[in-house]
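Following the hints, position chain B against chain A.
Chains A and B, in that order, are what the protein sequence lines are.
Just so we're aligned, residue 1 is where the first sequence starts under this note's numbering, counting upward by one.
Just so we're aligned, residue 1 is where the second sequence starts under this note's numbering, counting upward by one.
In case anyone wonders, no lab produced these hints; they're calculated from the structure.
All C-beta atoms in this analysis are idealised placements derived from N, C-alpha and C, irrespective of residue type, glycine included.
Heads up, a few of these hints could be off.
Label-pair ranges, simulated between beta-carbon atoms [unchecked claim]:
hint, chain 1, residue 1, chain 2, residue 2, range
1, B, T144, A, T127, 27 to 35 angstroms
2, A, S85, B, T40, 16 to 24 angstroms
3, A, S85, B, W41, 49 to 57 angstroms
4, B, K120, A, A93, 44 to 52 angstroms
5, B, N81, A, H87, 52 to 60 angstroms
6, A, T50, B, L16, 54 to 62 angstroms
7, A, S94, B, L16, 37 to 45 angstroms
8, A, T113, B, V82, 41 to 49 angstroms
9, A, N118, B, T112, 20 to 28 angstroms
10, B, S99, A, T77, 32 to 40 angstroms
11, A, C100, B, P131, 29 to 37 angstroms
Pairs of lysine to any residue, SDA-like flavour, derived with a Cα cap of 20 angstroms [stated by the list, open to error]:
hint, chain 1, residue 1, chain 2, residue 2
12, B, K172, B, N81
13, B, K47, A, T62
14, B, K75, B, K172
15, B, K47, A, L117
16, B, K172, B, P127
17, B, K120, B, A156
18, B, K47, B, P101
19, B, K47, A, N60
20, B, K47, A, A121
21, B, K172, A, N54
22, B, K212, A, L117
23, B, K212, A, G43
24, B, K172, A, T105
25, B, K172, A, T120
26, B, K120, B, N81
27, B, K47, A, T50
28, B, K120, B, V183
29, B, K120, B, F153
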Amino acid sequence: MKRLINILGALVTTALLSTGVAAAASLSFSSKTLAAGSAKVTGCTSSALTATRNVNNSGNVTQVNVLSVPQACAGETLAVTLENSSHTSLGSASTTVGTCTGGCTVSITGLGTVSALNVTAYAFSLTG
Amino acid sequence: MRRFRLTPLRLSAAILIGSLAFAGVSYAASLGLTSKQLHTWSQALTKGTCSPAESDAEIRGGNPNRNFGNQSSEKVVNRSNVNDWYVLIGFDPASSPCSLPATAGADSAVLTLTITSASKNSVSAYPITSPWNAATVTWNTAPTFGSTPDFTFSGAGTDTFTVTAPLDTGIKSGGSFYGWMLVDTSGTNNATTTIAGNGSGQDPAIALHYEK
Numbered sequence: 001m002k003r004l005i006n007i008l009g010a011l012v013t014t015a016l017l018s019t020g021v022a023a024a025a026s027l028s029f030s031s032k033t034l035a036a037g038s039a040k041v042t043g044c045t046s047s048a049l050t051a052t053r054n055v056n057n058s059g060n061v062t063q064v065n066v067l068s069v070p071q072a073c074a075g076e077t078l079a080v081t082l083e084n085s086s087h088t089s090l091g092s093a094s095t096t097v098g099t100c101t102g103g104c105t106v107s108i109t110g111l112g113t114v115s116a117l118n119v120t121a122y123a124f125s126l127t128g
Numbered sequence: 001m002r003r004f005r006l007t008p009l010r011l012s013a014a015i016l017i018g019s020l021a022f023a024g025v026s027y028a029a030s031l032g033l034t035s036k037q038l039h040t041w042s043q044a045l046t047k048g049t050c051s052p053a054e055s056d057a058e059i060r061g062g063n064p065n066r067n068f069g070n071q072s073s074e075k076v077v078n079r080s081n082v083n084d085w086y087v088l089i090g091f092d093p094a095s096s097p098c099s100l101p102a103t104a105g106a107d108s109a110v111l112t113l114t115i116t117s118a119s120k121n122s123v124s125a126y127p128i129t130s131p132w133n134a135a136t137v138t139w140n141t142a143p144t145f146g147s148t149p150d151f152t153f154s155g156a157g158t159d160t161f162t163v164t165a166p167l168d169t170g171i172k173s174g175g176s177f178y179g180w181m182l183v184d185t186s187g188t189n190n191a192t193t194t195i196a197g198n199g200s201g202q203d204p205a206i207a208l209h210y211e212k
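Same shape as in the complex, but just chain A (with noise of 0.2 angstroms):
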């Protein structure tokens, strides 16, 4: 009887700490006041920017240009994968939004050598 006690009582207790530190992801840790609840995030844009992109003379994308991104990206991470007709990806890169007056046309190199014929959509991502 004991030990079954002790068993139910470790259990009750796993089963608590798991509930505790679950539910504090949600929570602001920093607060003075403990509060639960959700929040929409909001980026620096919501907008689908369009983009561009140059190829050398042999067919292949040398650069993506992404337009108009706002001066509230500046810091982000901006990622680009070049998809085929499958939405398979061809190649992908990012880089770091630099500063800049008004919009922005930030580049992105380095995604390998994929031809331009083949490329059929960009998947785009902002991190912050």
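Quick look at chain B alone, frame taken from chain A:
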């Protein structure tokens, strides 16, 4: 049920568990709302092919104010840089039938030239860097052109040249692609190279694969 007794061992275990839990809570609190913000999107590309509108002209140093636009044959002549004849060939990917915007680009572009007669001289194609009009251009109103040729050729026959990068740059310039100036750059004086021109049925043409 027996009464629970707080022994030193149990007290130590409770303190240890409490400390571990506090560390876990601290770590968890550093995640969540302060993690990286993420915005993703995609852009689909439209692919197509077209042959940009073509025009050409001949300009002659010996007739500096006369226009020789859109002739069925155009001649490049070496006359010791005094009365040379140059040929201009231009393409307009921004107008019909291509009508490409400045956000488009060339995936591949191949220029075909038919040289109907040739000397042993070489002809170099320099990128034209200012506007010109085949119906009005003369030696004295000739556009400017670069100092490095995009391609060279010699001999008669039908030649093809890969011009993907110049076309891609030209498309992105928003209607400011001006074509090439053909100049005899080597060989003997009075040599003549004749190129099939506009309306010949063998007009200079670009096979363009584009994306937009």
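Status of each hint after checking the structure:
1. As the Cβ distance of T144(B) to T127(A) is approximately 45 angstroms, the hint placing it in 27 to 35 angstroms is violated.
2. Separated by about 20 angstroms at the C-beta atoms, S85(A) and T40(B) satisfy the suggested range of 16 to 24 angstroms.
3. As the Cβ distance of S85(A) to W41(B) is approximately 19 angstroms, the hint placing it in 49 to 57 angstroms is violated.
4. Between K120(B) and A93(A) the beta carbons are some 48 angstroms apart, a value that agrees with the proposed interval 44 to 52 angstroms.
5. Range check, N81(B) to H87(A): about 56 angstroms between beta-carbon atoms, so the 52 to 60 angstroms window is met.
6. Between T50(A) and L16(B) the C-beta distance comes to about 57 angstroms, which sits within the given range of 54 to 62 angstroms.
7. Evaluation of the 37 to 45 angstroms hint for S94(A) and L16(B) yields a pass: the beta carbon distance comes to about 43 angstroms.
8. The given range of 41 to 49 angstroms is respected by T113(A) and V82(B), whose C-beta atoms sit roughly 47 angstroms from each other.
9. N118(A) and T112(B) have their C-beta atoms about 24 angstroms apart, which keeps the hinted 20 to 28 angstroms range intact.
10. Against the hinted window of 32 to 40 angstroms, the Cβ-Cβ separation of S99(B) and T77(A) comes to about 36 angstroms, which satisfies the hint.
11. A hinted range of 29 to 37 angstroms holds for the C-beta pair C100(A) and P131(B), which are about 30 angstroms apart.
12. Taking the CA atoms of K172(B) and N81(B), the gap is about 34 angstroms. The hint is violated against a cut of 20 angstroms.
13. As the CA atoms of K47(B) and T62(A) are separated by approximately 18 angstroms, the hinted pair is consistent with the 20 angstroms bound.
14. Using a Cα cut-off of 20 angstroms, the hinted pair K75(B) and K172(B) is violated, with the two alpha carbons roughly 31 angstroms apart.
15. With a C-alpha separation of about 8 angstroms, the suggested pair K47(B) and L117(A) falls inside the 20 angstroms cut-off, and the hint holds.
16. For the proposed pair K172(B) and P127(B), the alpha carbon gap of about 15 angstroms is at most 20 angstroms, so the pair holds.
17. For the given pair, K120(B) sits about 9 angstroms from A156(B) by alpha-carbon distance, which is consistent with the 20 angstroms threshold.
18. For the suggested pair K47(B) and P101(B), the alpha carbons sit about 13 angstroms apart, so the restraint of at most 20 angstroms is met.
19. For the given pair, K47(B) sits about 15 angstroms from N60(A) by alpha-carbon distance, which is consistent with the 20 angstroms threshold.
20. For the given pair, K47(B) sits about 10 angstroms from A121(A) by alpha-carbon distance, which is consistent with the 20 angstroms threshold.
21. A C-alpha spacing of about 9 angstroms is found between K172(B) and N54(A), which places the hinted pair at or below 20 angstroms, so the restraint holds.
22. Annotation: proposed proximity of K212(B) to L117(A) holds, straight-line Cα distance about 12 angstroms (limit 20 angstroms).
23. Distance restraint check for K212(B) and G43(A): the Cα-Cα separation of roughly 28 angstroms exceeds the 20 angstroms cut-off, and the hinted pair is therefore not satisfied.
24. In summary, the hint linking K172(B) to T105(A) is supported, as the alpha carbons are separated by about 14 angstroms, within the 20 angstroms threshold.
25. Distance restraint check for K172(B) and T120(A): the Cα-Cα separation of roughly 18 angstroms lies within the 20 angstroms cut-off, and the hinted pair is therefore satisfied.
26. Between K120(B) and N81(B) the alpha-carbon distance is near 17 angstroms, which keeps this suggested pair within the 20 angstroms criterion.
27. This hinted pair checks out: K47(B) and T50(A) have alpha carbons roughly 16 angstroms apart, not beyond 20 angstroms.
28. Simply put, K120(B) and V183(B) have alpha-carbon atoms about 14 angstroms apart, close enough for the 20 angstroms limit, and the pair holds.
29. Between the alpha carbons of K120(B) and F153(B) the distance comes to roughly 10 angstroms, so the proposed pair stays at or under 20 angstroms and holds.
The structure fails to meet hints 1, 3, 12, 14, 23 from the earlier list, while all remaining hints are met.
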